[in-house]
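Chains as they are written, first to last, in the working numbering: chain A, 1 to 376; chain B, 1 to 581.
Possibly wrong hints are sitting among the right ones.
To be verified - To give an idea of the interface, some chain A residues facing chain B are shown, with a C-beta separation under 10 Å as derived from the structure: (1) R43; (2) G46; (3) T95; (4) T213; (5) P219; (6) F264; (7) V350.
Said to hold, decoys possible - Covered stretches of chain B, going by a simulated chain A footprint (3 or more residues, C-beta under 8 Å): (8) 330 to 342; (9) 490 to 498.
Simulated from the structure, these hints should not be mistaken for lab results.
Beta carbons are placed, not taken as given, at the ideal position from N, Cα and C, and that holds for glycine.
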Amino acid sequence: MKNKMCFLAATALVSGVGTGVGLILGAGTATAAEGTGSFLQNRSIGYVMTSELKAIYDTPDGKMECPNGINDGPREQFKILFPEIPGKKYTLQETQLEREGEIWFPSTSPDKVPYHESQSKIAFGLNLDGKIGANDYTSPEGEKGIDNNLQRAWGCTANYRSNSYNLFAFDNWRKYAYNIVVLELTDVDSLVNDDDVTVTSYRGLDKPMTDATGAKYLPGGTQRLDMRWGKQFISKFKGKIKDGVLTTEGADYIMPSAGNGSSFADIRYYKTQWRLTVMPERAEGLMAGYIDIQDWNSASNQQRSTHHQAYGQSATPSSYRLMMKNADYKDPKSGDDAISMALRVKFTQVFVKHPEGNVAAIDTGTAPNKTAGDRD
Amino acid sequence: MPLFRSAAGYSVTGVIAATLALASCSGPAAQKSAGVKPTAIAASDAPTDGTARRLRLVTAEQYRNTLAYVFGPNITIPSAFAPVTRTDGLLGVGTSLAGVTASQMEIYQKTAATAAAQVVNESNRHFLVPCTPKDTAAPDDACARIFLSAVGRLVYRRPLAEERLVEYIAEANESATKLKDFYAGLGAALEGMLLSPRVLMVSERGEPDPDHPGHERLDGYSLASRLSFFLWNAGPDDLLLKAAASGELHTQKGLSKTLDRMLASPRLEAGMRAFFDDMFMFDDFNNLAKDGQIYPVFTGVAVQDAREQTLRTVIDHLLTKDRDYRDLFTTRSTFISPSLATIYRLPTTPGWSPYEFPADSPRMGLLTQISFLAGHAHPGRSSPTLRGKALREVLLCQTVPRPPANVDFSAVENPASTIKTQRERVALHLKNPVCAGCHKITDPMGLALENFDGAGQFRTEEKGSKIDASGSLDGKEFQDVTGLAAALHDHPQVPSCLVKRVFAYGTGSPASADEKSTLDYLNKNFAAGGYRLRNLLRTVVMSSAFSTVSSPTPEPAKSASVVHGSSGASPVKTDIKTDAQ
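Looking at chain A on its own, in the form it has when it is part of the complex (with noise of 0.2 Å):
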């Protein structure tokens, strides 16, 4: 009688009838025991982050934003400062090797080739300062205030368009194994309102887990945690959901970044705060934060070599000399220079599996405590 009791009470739960929220919690909005078949388990959902894309809004022909044309890449870059003249020889020194030391050596001195910031008063992102600025743009739904400087330095470049062959932001990015992202919410009550929930993040050990085909994720998979080597990873996040879209506050945030199994540059963004629809079997919205610009050159280059970075006519030493001119934050432990900007993320569900006796209780503060070079 105590276990039919027990079993009724779960499904009143699972069903929302015991909250009362409606037919919308039948799909498992609402937390329910273990074992009944709800992704919101314990008060707590996980998540497993299954894609990443730099947010970047552009226009079809891209004349409102790139009235210029679009940038060149290393290749034509190459060409422009080298070109080709009738008894004219290059030495290697100062092609070749002079090109390689700018990408590993970036400068803020003037560019040698033209390399055109984006002219969109609309930008993806949220406003991470809380206040409306003269350089803020507009988000596409007409919210005032977006930080996103990363669009003014970006979005004239290929490689972040949208439609672009994108080689460095696709979907597979988060399959390695290294770079597995998982945000488990806790303390929630449901998935359509509560005032007062907790994000934190967590590198996971698991490949997402994929339908026979491989090409769609499955809700249901299990993440453990890196809980020995993972901890610069963990940042809590204070947040609330209301009509079923998370809101965070800000705080820094390390996301693993790993190219193919070969190197490990992790990013350091700083106030990170995401805005996420959460569902029971998904989530998908925008993480937006500072991105250090430093990690990023030293991921970009260490992951990516020239060649890779020419499919997407993404030349890092132009790049870098927009995202320092553009810098908006800087961090007052390392006084590494950051530029605001917005991740467009998507997420599967996922149970986290927490080493026994480790469950989720390591507070890292709001802070990552070491620099991109103190991890390496």
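Knowing the structure of chain A, use the given hints to seat chain B on it.
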């Protein structure tokens, strides 16, 4: 109002009513297989006419296990033998009715050749062949005799007759001479041995029973084989053959001692896994598939893991923990793998791990495991009828007749239907008197499992409608699956069905009407022993019915004459007539 209730509070009239319904819904077939009466009459282990002597085909798993125990687990047998017909609920019984076709012989030949080649290859010969030939490029009578007599005894399950052993040695020598390789010759002879009808078939032989004049009993080696295939799903080992040779198996003390050893052996797990795999009809999982669009989480790995989960649960519950068989239908203890955790919606870790469903979880017992829920459902939706039918047939040993050939399925298979829930769908059955007769005995308990979809995932709604999971089983009504689990736990036919299946599996014959007193005796002892499997196995083996036999000794068919030899060796002739001993 029931006339009276059994000790378990069960409505006896309900059980009888269900039995009558089964018997009446489609005539004689159903009547013949109606369940055992729940109220066991006191019975004794009086000598009976015995079970029939059988000629049974060895299954692929038995063949594989036997060779693994003789030569070690590194000898891999990749072949799958042809399926046999399920008879009276068991493939194990169906092996008595199987024939061997030419194409099957090809499979046996390839299997034997593969196994023999591995045994004598350079990696294995030094520890699998217990002697060294004087010259590896020439025949060696003495070494061939040592190897072939030892192996022959284990795979023939009795000592090789000297005449046959000499023939095998001659075949080994002839091939060794032609191939200039002692081990190749030995392999050819072993291939012939492994292909022998005496190896591929278990032929039971009788002898007069001196303790019960007028009755026959299995001879020692036949009893050893019956014991071994029953408990270990493999041929007898050396000690068992020694016990057979010494006559120890024909004494109560000797048989009991041997049984103790066999029940304590790790091989018992393989034997009981094979039995429950057979009883639960898990061979159906070889062909089970779901619509990937509807159930993307139900992967090929999940199919295999679902089968494995139930077998692990059963073995852990009945053998490792030695618990009440009936509690299998209410237990919350199980094992979880990553592919299953996705369907159960649980966190997990890589590999298999034990798991206990919380007390307020709707998952309890075997009926809520994916093997039952997905195994008895349609590719794209659940099926109260298939689940109810399986419950009746697999767990209660009843037979639900097949639908008439001219049944009209249009109402339930209309793609434009506005039906939302399976309860509404199966209600259509009840509107047609032709359908209603049988669906009344399958659907009410199947509907209690409607909180689980066709892949076994928990749900509270179907197409937006809240699911009503109430149902009934033979007079017991309940509101959900927990009630069904409790009802099944207390159903008197649950333990008696296991007894019936175990007895049939062990003896190779479905229990006949003449064996009612034996089954009554076994049922009574099963209950008295707290419904423990080991106790049941002991009672079955120690019963006089297990070793007493009735019909004349069967012989393998004498029409087959097989020539084989795949490695350039002399063709080895396995003639039934000369192979018979």
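Inset, instruction - Classify the hint on A:R43 as holds or violated, based on whether any CB of chain B lies nearer than 10 Å to its CB. - result: Check failed: Cβ of A:R43 comes no nearer than 14 Å to chain B, outside 10 Å.
Legend entry - 8 Å C-beta test of the segment 490 to 498 of chain B against chain A, three or more residues: violated (count 0)
Legend entry - Hint check: 10 Å Cβ-Cβ cutoff, A:V350 to chain B: The hint holds - A:V350 has a Cβ within 10 Å of chain B, the shortest such distance being about 8 Å.
Legend entry - Hint status (Cβ of A:G46 to nearest Cβ of chain B, threshold 10 Å): 8 Å, holds
Legend entry - A:T95 as an interface hint toward chain B, with CB separation required under 10 Å: Since the shortest Cβ distance to chain B is 51 Å, the answer is violated.
Inset, instruction - Let me know if the C-beta of A:F264 comes in closer than 10 Å to any C-beta of chain B, holds or violated. - result: Violated. Min distance 23 Å.
Legend entry - Given hint A:P219 near chain B, where the shortest CB pair must fall under 10 Å: For A:P219, the interface hint holds, since the closest Cβ of chain B sits about 8 Å away, which is under 10 Å.
Inset, instruction - Answer holds if the nearest beta-carbon of chain B is closer than 10 Å to that of A:T213; otherwise answer violated. - result: 8 Å, holds
Inset, instruction - Tell me if chain A covers the segment 330 to 342 of chain B under the three-residue, 8 Å CB rule, please? - result: holds (count 3)
Hints 1, 3, 6 and 9 from the earlier list are contradicted by this structure; the remaining hints agree with it.
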